[in-house]
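In order, the protein sequences belong to chains V and X.
Those letters in the first sequence? Residues 1 to 227, by our numbering.
Those letters in the second sequence? Residues 228 to 339, by our numbering.
In short, the hints are calculated from the structure, not lab data.
Take the hints with a grain of salt, since some may be wrong.
A partial selection of chain X residues facing chain V, derived with a Cβ cut-off under 7 Å [stated by the list, open to error]:
(1) Gly274
(2) Leu300
(3) Lys302
(4) Tyr303
(5) Ala319
(6) Glu322
(7) Arg326
Simulated pairs of lysine to aspartate or glutamate, EDC-like, Cα-Cα distance not exceeding 20 Å [to be verified]:
(8) V:Lys91 / X:Glu323
(9) V:Lys59 / X:Asp247
(10) X:Lys232 / X:Asp297
(11) V:Lys45 / X:Glu323
(12) V:Lys2 / X:Glu323
(13) V:Lys45 / X:Asp247
(14) V:Lys91 / X:Glu284
(15) V:Lys222 / X:Glu256
(16) X:Lys295 / V:Asp122
(17) X:Lys244 / X:Glu256
(18) V:Lys57 / X:Glu256
(19) X:Lys262 / V:Glu56
(20) V:Lys80 / V:Asp129
(21) V:Lys216 / X:Glu286
Keep in mind that this is a model prediction, so the values were computed, not measured.
By construction, the Cβ of each residue, glycine as well, lies at the ideal position given by its N, Cα and C atoms.
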Amino acid sequence: MKKNLNKEELLRIEEYLDSKKLVQVDLRGEVLDHIAAGIENNLEKGKPFEAAFILEKQKWSEELRGYSSIWIGLIWNGPKIMMKTCEKHIKKMYFNVLWKSAVGVIFLLLITNIFNMKNHQDVFIRLLDGFYFVVAGILLLSLFQITKTKNESTYRYLYKKNALAMVFSLILFSPSVMPSNYVLKAISSGEMYWYTFFGYFMMVFMGIEFFSLYRKHVNAVKLLRIN
Amino acid sequence: MGNSKLYKGSLNTIILKLLDENGKMYGYEITQRVKELSKGDLNITEGALYPALHKLEAEGLLNVEMIKVDNRLRKYYKLTEQGEKETVNRLAELEEFIRNMQNLVNPKWSIK
Chain V
1 MKKNLNKEEL LRIEEYLDSK KLVQVDLRGE VLDHIAAGIE NNLEKGKPFE AAFILEKQKW
61 SEELRGYSSI WIGLIWNGPK IMMKTCEKHI KKMYFNVLWK SAVGVIFLLL ITNIFNMKNH
121 QDVFIRLLDG FYFVVAGILL LSLFQITKTK NESTYRYLYK KNALAMVFSL ILFSPSVMPS
181 NYVLKAISSG EMYWYTFFGY FMMVFMGIEF FSLYRKHVNA VKLLRIN
Chain X
228 MGNSKLYKGS LNTIILKLLD ENGKMYGYEI TQRVKELSKG DLNITEGALY PALHKLEAEG
288 LLNVEMIKVD NRLRKYYKLT EQGEKETVNR LAELEEFIRN MQNLVNPKWS IK
């Protein structure tokens with residue numbers, strides 16, 4: 001006969017996950033259900049709750065141990081399953097930023113060559129400069145919104161840890177606040193400094209990728225609310 | 228994956244195949260079904276299962292549905308239309324891999 005866990009027993013699992021700091025809604029519910037289903041399976045075989053719970057805790061000890069990742073920042077520590085998930089998000093973001101920036105630069109090189117606009121690189125730089133501030137503004141607004149939401153997710157965790165630094169970088173390294181020698185040389189000489197533009201594109205696309213984290217967080221929370 | 232690194236590359240295909248047969252499943256159910264089908268030989272660890280499920284979901288091959296079961300929320304996974312097509316492709320690839328491995332490990336020598 002199937003034995004279901006009562007509310008107190010489920011609360012014990014919740015407390016265990018709290019102690020491991022697994023609070024992200026996109027993982028926690030699934031882990032809780034897995035542990036609960038494992039315990040119920042053992043209860044059916046005649047094991048008492050405590051013994052079944054210990055068995056499950058042993059199974060999950062590796063995935064819930066403290067873990068730091070160089071991709072997120074070694075000063076941050078969290079359950080391995082959560083940090084590994086964040087690591088995957090951020091690796092995907094870097095990959096997207098690299099290929100999009102490469103496409104951006106190739107497109108820019110083609111445009112400047114086809115329309116003979118090498119002497120007007122300042123136009124593109126001013127355009128990207130505008131993007132820097134638009135993206136920084138959107139990130140700041142999203143940070144305010146994401147901080148207000150009650151639920152934590154792996155997306156929110158990454159966003160909160162990195163978005164503010166991203167906003168500052170966007171403003172500090174924007175062509176108008178810190179014009180590099182390369183930019184000045186590019187504008188004056190008319191030579192195309194594609195690597196400068198690659199750096200600019202990377203910053204803008206990174207900002208956009210961060211904004212997509214915010215959207216994913218909203219969707220993860222919505223998924224819980226619908227049902 | 229508990230028993231062998233050899234199974235690791237096939238985990239996604241195993242998940243897709245199970246979902247194709249069973250419609251929708253949740254994480255624990257998948258581990259138990261694999262254990263049952265392999266008569267206990269194959270143990271999918273939690274650390275391998277969930278990243279694989281989340282990856283397949285991110286690739287658009289799986290859909291998720293949250294259902295309240297026994298005082299808690301349960302996340303069910305099911306194949307998308309794209310996932311159904313991909314299952315056919317991946318199973319064909321796996322079968323070809325098994326055939327090739329059998330030929331390599333156990334070649335039928337003949338004198339021509």
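Hint check results:
1. Gly274: holds, 5 Å
2. Leu300: Holds, about 5 Å.
3. Lys302: This hint holds: lysine 302 (chain X) lies near chain V, its Cβ roughly 5 Å from the closest one there, short of 7 Å.
4. Tyr303: violated, 10 Å
5. Ala319: violated, 28 Å
6. Glu322: violated, 29 Å
7. Arg326: violated, 33 Å
8. V:Lys91 / X:Glu323: violated, 32 Å
9. V:Lys59 / X:Asp247: Cα-Cα ~28 Å, so violated.
10. X:Lys232 / X:Asp297: Violated, at roughly 36 Å.
11. V:Lys45 / X:Glu323: violated, 40 Å
12. V:Lys2 / X:Glu323: Distance ~41 Å between lysine 2 (chain V) and glutamate 323 (chain X) Cα, so the pair is violated.
13. V:Lys45 / X:Asp247: Judged against 20 Å, a Cα distance of about 30 Å means the pair is violated.
14. V:Lys91 / X:Glu284: holds, 17 Å
15. V:Lys222 / X:Glu256: violated, 25 Å
16. X:Lys295 / V:Asp122: Outside the cut-off at roughly 58 Å; violated.
17. X:Lys244 / X:Glu256: Judged against 20 Å, a Cα distance of about 14 Å means the pair holds.
18. V:Lys57 / X:Glu256: Given pair lysine 57 (chain V), glutamate 256 (chain X) holds - Cα atoms ~18 Å apart, limit 20 Å.
19. X:Lys262 / V:Glu56: The given pair, whose Cα atoms are some 16 Å apart, holds under the 20 Å limit.
20. V:Lys80 / V:Asp129: Judged against 20 Å, a Cα distance of about 38 Å means the pair is violated.
21. V:Lys216 / X:Glu286: Between lysine 216 (chain V) and glutamate 286 (chain X) the Cα gap is close to 14 Å, so the pair holds against 20 Å.
When held up to the earlier numbered hints, the structure conflicts with 4, 5, 6, 7, 8, 9, 10, 11, 12, 13, 15, 16, 20 and fits the remainder.
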